[in-house]
Each structure stands twice: as C-alpha cells, then as structure tokens.
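Line order of the protein sequences matches chains A and B.
So for the first sequence, this note's numbering puts the first residue at 1; every next one is plus one.
So for the second sequence, this note's numbering puts the first residue at 1001; every next one is plus one.
It should be emphasised that the hints constitute simulated quantities derived from the structure, not laboratory data.
Some hints could be false.
Said to hold, decoys possible - Cross-link-like lysine-lysine pairs, in silico, DSS-like; alpha carbons within 27 angstroms at most:
1. Lys1055(B) x Lys1066(B)
2. Lys1041(B) x Lys1055(B)
3. Lys1014(B) x Lys1066(B)
4. Lys57(A) x Lys15(A)
5. Lys42(A) x Lys1020(B)
6. Lys1064(B) x Lys1014(B)
7. Lys57(A) x Lys42(A)
8. Lys15(A) x Lys68(A)
9. Lys42(A) x Lys15(A)
10. Lys1041(B) x Lys71(A)
11. Lys1066(B) x Lys42(A)
12. Lys1014(B) x Lys1041(B)
13. Lys71(A) x Lys5(A)
14. Lys1041(B) x Lys15(A)
15. Lys42(A) x Lys1014(B)
16. Lys5(A) x Lys68(A)
17. Lys68(A) x Lys58(A)
18. Lys1041(B) x Lys5(A)
19. Lys1064(B) x Lys42(A)
20. Lys1041(B) x Lys42(A)
The model shown is predicted, which means the values in this text are computed figures rather than measured ones.
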Amino acid sequence: QQQVKQSPQSLIVQKGGISIINCAYENTAFDYFPWYQQFPGKGPALLIAIRPDVSEKKEGRFTISFNKSAKQFSLHIMDSQPGDSATYFCAARGGTSGSRLTFGEGTQLTVNP
Amino acid sequence: GAVVSQHPSWVICKSGTSVKIECRSLDFQATTMFWYRQFPKQSLMLMATSNEGSKATYEQGVEKDKFLINHASLTLSTLTVTSAHPEDSSFYICSASRAAGGEDTQYFGPGTRLTVL
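Using the sequences plus the hints, can you model the full thing?
As structure tokens, this is what we get:
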C-alpha cells in the first residue's frame, strides 16, 4: 500500500514534443506529491509538487495533473528540450509514512534534437 | 535558498576501512535529514531518517551498526559506513527537510559516490 507505481520506464520524445510520465498510488493518506529531476551523477532536484486539494499545477513548461478519485498523477513537460533529458521520479508522502517519501521507479527521458 | 551539500563527492577506499560522509543544509535549519542509497538505473532507497539530537530510525534491512548516522546539529548529519566492503559501493544521497510556512519539502544533496576496492 506504500508503493508508488511509475510508467513508462523510459521515454523518447522529439524536441518540441510533450513528455508525459504517469504515477499511481494506493495509500489514500498520501497528501503531498512531488516530482524530482535527476541528472547522471547528481542528486535529485525538486521540480514541482502538488497537494490533493488541487487538480492541476503549472510551473513554466512543467504541469502536474492530479486525479484523486483514480489515485493517479502525471507530469507533463511541454515543448520538451534536449536539456530535459534526465531521470524523473515521482514521489508521495503522508499517512503512516510521516515525512518519508515513497518514490516511483523512475523514468529515463531522452529528448532528441 | 534550500541548498544541501555533501562531502566528499566521491571516495575510493579499501575493503575493511570506514568512510564518513557529511551532509549539510547550508541556508536553512533542517528538522529532519534522510539518507538514501541508489544503485545504477534504480530508484532511491531510503536507509534511515534522523532528527537532530535523537537516534536515527533505520529502514527494515538496513544494518544500523554498519551505517552509523549522527545528527549533531540542525545543519549537519553524517553517515559512516563501517568496515566497508565492495557490496557497499553505491551512490549515497542525503536530503534535508525544511519545515517552514506549512511546507515540509525535502531538498537533496548532490550525492557521494563510494567505491570500495
């Protein structure tokens, strides 16, 4: 019940296209859903986060869509650029996990020029 | 703001030696710090959670005597890998949680690559 399922495992997108990464969770006590971006050999960097009281949050080219009834949330990267090529992790926190984050398996995004 | 540093960024050691990794929150006081381990092309695996001045809480399967965590202040936590062996080679990442204004966001350090020969 603590798991967060992320898909796809890898994604190849052309420059200018839309990248979409999906996550699903089971624990309805989760109340905070961040997305992290990680480049090779670096630590994850917080990209954008959402709470379940809103259905969408947008920051620049990055948008989180949240579907509370389906227990799913997704990251959309508009106008994808080669510099966006990285591994993206969704995560969730709350309930009995307290402040601990439960991470998805990660999605390796490649944006071709 | 919200910068977390780690030192060293990489370390190579001989089998049987101990290695200490430092994690510092540079511009905020961290209520909680976390230590993760990451293998190539895998997700982050939480090893332990530590609060300043109290004992760390280890995740199931993580040997507390092997991975010693000290959280001496609100800006510094250390992870010591004792009697390191090649299977301990990994990417170790810390994060610091800042509770401010109702938010409780984890900010990650740049990671430490440990190679045990």
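In rising order, the numbers of the hints this structure does not comply with: Hints 2 and 8 are the ones this structure does not satisfy, whereas the remaining hints hold.
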